[in-house]
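Q: Each chain is listed here by its residues.
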Amino acid sequence: MYKALIMGIALLTVNAVLFAGGSTDSGSTSAPAASMAASGEYSEAPMLAAMVAAGELPPVAERLPVEPPVMEPIDSVGTYGDTIYVFVNSTEPWNTLQEETERGSYLAYIRADTTVVPNLAKGFDLADDFLSLTITLREGAQWSDGQPFTADDIVFAYEDWHFDSRVGSGTQAFWMNKVRRAIKIDDYNVRLETDVPYPVMLAKMGEPAGGDWHSYLPKHYLEKFHIKYNPDADALAKELGYDSWSLAFNAHDWEYQNGFRHLIDDNEPRPTMQPWKLIEVTDTTKVHERNPYFYKVDELGQQLPYLDRIIAGIADMETIQLKIIAGEVDYDFVNATSDNYALYKENEAAGGYLLHEVPVNQIPIAFAFNQTHEEKGHIFRDLRFRQAMSLAINAEEVLDSVYFGLGEPMVFPVADATFSPPEWSNNPMDAYDVDEANRLLDAVGLDQRDGDGWRLGEDGNQFTITIEGRIQGEHSATGKSIELIREYWRAVGVHTEVKLSDNALHAQRRDGNLLEVNVGTWGFPSEARQYMIDREAWVHGSHDLHWATAWGDWLMAWIQVEEGTRSLSDYEGGVLPGLEPPEEFKQLFQWGEELQQTVLGSPEYIETARKIYGFHFDNLLMQGIVGGQPLLVVAKDNLVNVPKGYFGSAAWWGDLNIEAEQLYFK
Amino acid sequence: MSTHREDTAAGAQQLDERYFVASSWTLMRRKFLRHRLALVGGVVLTVIYLLAIFADFLAVSGRDQRYPEHLYAPPTRVRVVHEDGLRAPFVYGLQVTRDPVTRAKVFTIDRGQTFPVRLLVPGYEYRLFGLFPARLHLLGVDAPGVLFPFGTDSLGRDMLTRVLHGARISLSIGLVGVALSFLLGCLLGGLSGFFGGPVDMLVQRSIEFLQALPTIPLWMALAAAVPIEWPALRVYFMITVILSVIGWTGLARVVRGKLLQLRTEDYVTAAAIGGSTPMAIILRHLLPGFLSYLIVHLTLAIPYMILGETALSFIGIGLRPPVVSWGVMLQQAQNVRTISLHPWLLIPGLFVVMVVLCFNFVGDGLRDAADPYRR
Amino acid sequence: MARYLLRRVAYMVMLLILLSFVVFVIIQLPPGDYLTTYIATLEARRIPITESLLEGLREQYGLDQPLHVQYLKWAGNFLRGDMGDSFSQNRDVVKVISERLALSVTLSISTLILVYLIAVPIGIYSATHPHSFGDYAATVFGFLGLATPNFLLALILMYLAFTYFGWSPGGLFSREYMSAAWSFAKVIDLLKHLPIPLIVIGTAGTAEIIRILRASLLDELSKQYVITARSKGMQEGAILFKYPVRVALNPIISTVGYLLPAIISGETLTAIVLSLPTIGPLLLVALRAQDMYLAGAIVMLLGALILVGNLISDLLLATVDPRIRFGVRAQA
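Residue numbers (the working numbering), protein chains in the order written: chain A, 1 to 666; chain B, 667 to 1041; chain C, 1042 to 1373.
Think of the hints as simulated: they come from the structure by calculation, not from any bench.
There's no promise every hint is true.
[Said to hold, decoys possible] For lysine to aspartate or glutamate, the following EDC-like pairs were computed, each having C-alpha atoms within a straight-line distance of at most 20 Å:
1) A/224 - A/195
2) C/1227 - A/280
3) A/376 - A/357
4) A/644 - A/357
5) A/224 - A/164
6) C/1114 - C/1140
7) A/666 - A/308
8) B/697 - C/1176
9) C/1136 - A/268
10) A/611 - A/423
11) C/1136 - A/280
12) A/238 - C/1123
13) C/1227 - A/283
14) A/611 - A/593
15) A/184 - A/139
16) C/1114 - A/243
17) A/586 - A/563
18) A/238 - C/1217
19) A/184 - A/125
20) A/238 - C/1133
21) A/376 - A/497
22) A/345 - B/765
23) A/224 - A/243
24) C/1233 - C/1217
25) A/224 - A/193
26) A/499 - B/730
27) A/666 - C/1217
28) C/1136 - A/283
29) A/586 - A/618
30) A/238 - C/1100
31) C/1136 - A/239
[Stated by the list, open to error] Below, a sample of chain B positions facing chain A; criterion: calculated Cβ distance under 10 Å:
32) 732
33) 768
34) 769
35) 890
36) 932
37) 986
38) 998
39) 1000
40) 1002
Note that the structure is a prediction, hence the values are computed from the model and not measured.
Where is the CB? At the ideal position from N, CA and C, for every residue including glycine.
Working from the sequences, and respecting the hints, build out all of it.
A: In structure tokens:
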């Protein structure tokens, strides 16, 4: 029944898309669009029309799929032209508006209400036993170099990248880790198969796992680098300056730390399915130009995107802030920070931009006590201690001083627990109660104090805890919040230090189980996201917020042995690494596994999810402070179709920029 | 700086009797006092160091005390004119609201409420010179009035208080760093200059080598070598070491250059013939000869250390909160919104500029004064 | 002279070898290597990276080998003129550096000219009017640049220039010209962006030159030949510029050698704040990412320039002032 529901919605949407593309509908407001699309009368940007006229490009109808997806406008249907200017911190791709231009074009979208809407793919069929997912592609869709996009590209991604341990990962980390086979049915149908029920794979079509460089790869471009298709791949690699074919393969596939600059330099850009393609990268700029083969149209049958060009300037963070208030930044949601709220508002009129507050319910910061810490773990494992530490925090002051009073106290770090019982929204731990915190700390056994009022541990020495986190930008709100937390904890006699280190050092300390209190950003904890991406956070801690490092090591190894992807002898000394967790935590992990075998929103899902979230609600393993912050988006006041809320894919933080192809200037 | 030696007879100015009989220190003092910038610099520096020493007494509130209602409060104006005429210094009450659009706190003066500024008010307890418990503070107003002479920062902490406490760290980093440089520089420069030959070669080449290392990678590597578990105080010490690792080389050069010049003087030869040990010659005969140069050089080295501390903070490898130093405060103020909306957070920058300027002027004055050939 | 030069060059080569070793160690000193930094970055963005791939990269970069082997490989290639590839950019280090070299040098040389244009007149004025109000004012002005932390000054000037003159903040071009082809308008736009970097970087250098010039010029002015010239009724200006100023400029010439590396690296912190694509910020980024070959090449380049600069300044000093023997450096 629930399955039918999900599929029903999905199919409905597929139908809607097909409908718009394939038949007439006199009753709809978009009738002209539908008829225009139906008659195959597509229009294109003037710059492309000129190329067609010059014979450099096939006509637009031949470049679009037979049934192109029709995009519903956020505000209105647009007009062609213009360059959009954005500013970023480095040439790395994931900082920018171009997130989509380098990684997006997911096969599907997952909406905030968890429905799955086809996008690049035409439709999906999740088998009743959840053991396979059939993906139907759009006939006639093409890569940016005009080559057809087919089932081969998906099979290639799985069989020759993910499953080939010479270039990809056997287990694919946390992405689609239960998929075992990808089978081509025909040119436009492909089936992903698993050995255990894995319904989450449908929803995952709407996150990066369903996008370029995960779900599909340009086979026609990459196969020459793969030894399976080109016996001389090693020689080719050497010629290009790589030690082996696998490195050459990866350098041409996904290794775009520098925004594929080496490929642009070598004049062999990788084809893409994105609205724009990268044409130039320098130390100061990055330029994208429209992809003439982009597969989407608007309601009038105009091929998207509207904007001709994206020019991203590379500048220092504060220069970018200055450029924002100067009105030089057309669109920004990555560098616009809540700290600068007043600054943006003050200059809104002068800079000719609008500050949009997109209600995405961010939980900006959370902390966790490492339950497996060697020396202090026994205190951290005491629930009363964790409760005391939350009660000692004055969340109202944090809101007031750091977030301009926007949001609310939120210790339990799920803002959108759609399926959670109402009592969870009224958390007693959200309170600020120093007396109770002190009482609990006394009860834990930290009742002795030294002359300066610091609590003493059992050994009679000062009880000191260290908050550790990654450096998150120099002047971040996170930094201020951490400074406040330290002051609150000191106020109840717990001597607290703060250490922020860079990514590498932090990872090293985390993996060494050295962290005491881990502080991290938590982001947009929507239900869909928790289900698909942050699952491991709830069972042993995420990369950003580890609450039981050593248990996590043990559990991750254990599940691989259980599933037969590894055996005990693969591990040193034939024993599982890390520490064996207590039964209740093994149970929690099991629930996590079970959750993946349910469909989001189904009764089974709700039942299991409540067990997991309930366990966390009761045990405060991850402790938030405040929540409900909006995401700030700066957009020029004449920029149309700026997102007003979660859309595109609700699961992924960068996905606010999805559907950037319909941005245009009035 | 100047390598030019002059004839003692240089200068046709008239030389009065007192000039010839005055001791060299008297001469130096007299010449220093004539250098007006140096004099002003010296006075200002003395005042700032005194401020740092008496930070707790002068502070209006505790170092980490927050006024959550008064985030980014602008500097409080102390007034003497009220509606009813002149009064003893007082401040008006503040009303705090949130701007509905910018969501920033807005502070409006409530002329209905006045709070006299009181002298020597009891406040939080501290230890004067780290020894004597005390609770008197120079200035204060009665609650609920507030007095923030330099405004407050993003968490509502009094900036004056933090500038004063920051001065302790920033100013002492200069001194400690210079002391370390001094030890290293004198020792190695002295050996190098006195013995010459292979020792000189070795020291000179190592100095060249250290100077050939670009500063930033050296800083970063040394900072990375500071273990994360170290307490703030030890990190502070490491930072000064980092700064002086580069600082000593310049000093060693000065010492050596001066020694090379002096060791050929007749009186040194005489001492050597007279059977003095090398150490005795260095200490008794040579050191006094260039002590003044050392002092000059040290004075001029301190401001570089102070600037260095702020630069380290800027790259993110210097001191970190909760330590309060000018560098840390500036790092937090190094952004557009501060300049645009809360410029008073840049006050530590003014102090840095002032202190560095003053040290330079004092150094210049000392140099002029120490030159025995110039009047 | 030739023997001295030969000896110095030999020492320089030895120092460079030592430098290469120390540079290598310094870059390795922070925990982890490029790949651990890289993985952590990827991980923070939830991008999967596989063990086999890592091993491949580790091999390609030679990070799987013991430190001394890595060093020998690097140093060996270096001698053959191959500085390796930048890990993070996947491109030849020479290419990466040379892209920024032209701008760095242009910027630094223009700054240098500006520094002399400001500092020399102030220095001469101060020395000819010692202890006057003008002397003090000029000195305070000259030293302000030295006393203000550059990164702060840069941000404040950028902000003020934007607020009061509407100048486009940061970088070298307005956004319209960022990726446009060179044209007259683009050159004009570039010129509009130069004043702030020039002022910020320039003011920092003036103080030292004012100080040197003032001191040595004061020395010269009290010498016999000046007095003689004066007593013969020569005009003050003619006296001043005929000999004393020229002699007093000598110590400054010796600092030119020192400036070589500064010309290349520029003011790193200023360049960061102003978003200038010069070598300095590149070095900082490379060091942070532990992009070994890139950072190594830059540091070696700067180190070599410092050594060459020292040699030049020694030679200049010895040539200009015969009292200084070769082999003994005068205090700078």
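Q: It remains to establish, for every hint, whether it holds in the given structure.
A: Hints, one by one, checked against the model:
1. For a cut-off of 20 Å, the pair hint linking residue 224 of chain A to residue 195 of chain A is broken: about 32 Å separates their Cα positions.
2. Restraint check: the Cα-Cα separation between residue 1227 of chain C and residue 280 of chain A comes to about 18 Å, which is no more than 20 Å; the hinted pair holds.
3. Proposed proximity of residue 376 of chain A and residue 357 of chain A is contradicted: the alpha carbons are some 41 Å apart, above 20 Å.
4. At roughly 8 Å between alpha-carbon atoms, residue 644 of chain A and residue 357 of chain A fall within 20 Å of each other, so this suggested pair holds.
5. A threshold of 20 Å between alpha carbons decides the hint, and for residue 224 of chain A with residue 164 of chain A the separation of about 16 Å falls inside it, so the pair holds.
6. Pair hint residue 1114 of chain C plus residue 1140 of chain C does not hold up; C-alpha atoms about 25 Å apart against a cutoff of 20 Å.
7. A hinted pair counts as satisfied when its Cα atoms are at most 20 Å apart, and residue 666 of chain A with residue 308 of chain A qualifies at roughly 14 Å.
8. Of the pairs offered as hints, the one joining residue 697 of chain B and residue 1176 of chain C holds, with about 17 Å between alpha carbons and a cut-off of 20 Å not exceeded.
9. Note on residue 1136 of chain C and residue 268 of chain A: the hinted pairing holds, with a Cα-Cα distance of about 18 Å set against a maximum of 20 Å.
10. Among the hinted pairs, residue 611 of chain A with residue 423 of chain A is consistent with the structure: their alpha-carbon atoms are about 14 Å apart, no more than 20 Å.
11. In summary, the hint linking residue 1136 of chain C to residue 280 of chain A is supported, as the alpha carbons are separated by about 16 Å, within the 20 Å threshold.
12. Between residue 238 of chain A and residue 1123 of chain C the alpha-carbon distance is near 16 Å, which keeps this suggested pair within the 20 Å criterion.
13. Proposed proximity of residue 1227 of chain C and residue 283 of chain A is supported: the alpha carbons are some 17 Å apart, at most 20 Å.
14. With a C-alpha separation of about 12 Å, the suggested pairing of residue 611 of chain A with residue 593 of chain A holds against the 20 Å cut-off.
15. For the given pair, residue 184 of chain A sits about 15 Å from residue 139 of chain A by alpha-carbon distance, which is consistent with the 20 Å threshold.
16. A C-alpha spacing of about 15 Å is found between residue 1114 of chain C and residue 243 of chain A, which places the hinted pair at or below 20 Å, so the restraint holds.
17. Distance check on the hinted pair: residue 586 of chain A and residue 563 of chain A sit about 16 Å apart at the alpha-carbon level, within 20 Å; holds.
18. Proposed proximity of residue 238 of chain A and residue 1217 of chain C is contradicted: the alpha carbons are some 40 Å apart, above 20 Å.
19. Taken as a hint, the residue 184 of chain A and residue 125 of chain A pair is honoured in the structure, with Cα atoms around 14 Å apart against an allowance of 20 Å.
20. Distance restraint check for residue 238 of chain A and residue 1133 of chain C: the Cα-Cα separation of roughly 15 Å lies within the 20 Å cut-off, and the hinted pair is therefore satisfied.
21. Restraint check for residue 376 of chain A and residue 497 of chain A: satisfied, since their Cα atoms lie roughly 15 Å apart, inside the 20 Å limit.
22. Restraint check for residue 345 of chain A and residue 765 of chain B: satisfied, since their Cα atoms lie roughly 11 Å apart, inside the 20 Å limit.
23. Note on residue 224 of chain A and residue 243 of chain A: the hinted pairing holds, with a Cα-Cα distance of about 16 Å set against a maximum of 20 Å.
24. With a C-alpha separation of about 14 Å, the suggested pairing of residue 1233 of chain C with residue 1217 of chain C holds against the 20 Å cut-off.
25. For the suggested pair residue 224 of chain A and residue 193 of chain A, the alpha carbons sit about 27 Å apart, so the restraint of at most 20 Å is broken.
26. Proposed proximity of residue 499 of chain A and residue 730 of chain B is supported: the alpha carbons are some 18 Å apart, at most 20 Å.
27. Restraint check for residue 666 of chain A and residue 1217 of chain C: the C-alpha separation of about 19 Å stays at or below 20 Å, so the hint holds.
28. The straight-line distance between the Cα atoms of residue 1136 of chain C and residue 283 of chain A is roughly 12 Å, inside the 20 Å bound, and the hint therefore holds.
29. The suggested pairing of residue 586 of chain A with residue 618 of chain A holds, with an alpha-carbon distance near 17 Å, which does not exceed 20 Å.
30. Taking the CA atoms of residue 238 of chain A and residue 1100 of chain C, the gap is about 14 Å. The hint holds against a cut of 20 Å.
31. Using a Cα cut-off of 20 Å, the hinted pair residue 1136 of chain C and residue 239 of chain A holds, with the two alpha carbons roughly 18 Å apart.
32. For the restraint placing residue 732 of chain B at the interface with chain A, the shortest Cβ-Cβ distance is roughly 7 Å, inside the 10 Å limit, so the hint holds.
33. Proximity of residue 768 of chain B to chain A holds as hinted, the smallest CB-CB distance being about 4 Å (cut-off 10 Å).
34. Annotation: residue 769 of chain B was flagged as interfacial toward chain A, and the flag holds, the nearest CB pair being 4 Å apart, inside 10 Å.
35. Interface restraint check: residue 890 of chain B against chain A, minimum CB-CB distance 8 Å, threshold 10 Å, status holds.
36. Look at residue 932 of chain B: its Cβ only gets to about 60 Å from chain A, farther than 10 Å, so that hint breaks.
37. Interface restraint check for residue 986 of chain B: the shortest CB-CB distance to chain A comes to about 7 Å, inside 10 Å, so the restraint holds.
38. The interface hint given for residue 998 of chain B is met, as the beta carbon of that residue sits about 6 Å from the closest beta carbon of chain A, less than 10 Å.
39. At about 7 Å, the closest approach between the beta carbon of residue 1000 of chain B and any beta carbon in chain A falls short of 10 Å, and the interface hint on this residue holds.
40. Checking residue 1002 of chain B against chain A by beta carbon gives a least distance of about 4 Å; that is within 10 Å, so the hint holds.
Checked against the numbered hints listed earlier, the structure breaks hints 1, 3, 6, 18, 25 and 36; every other hint is satisfied.
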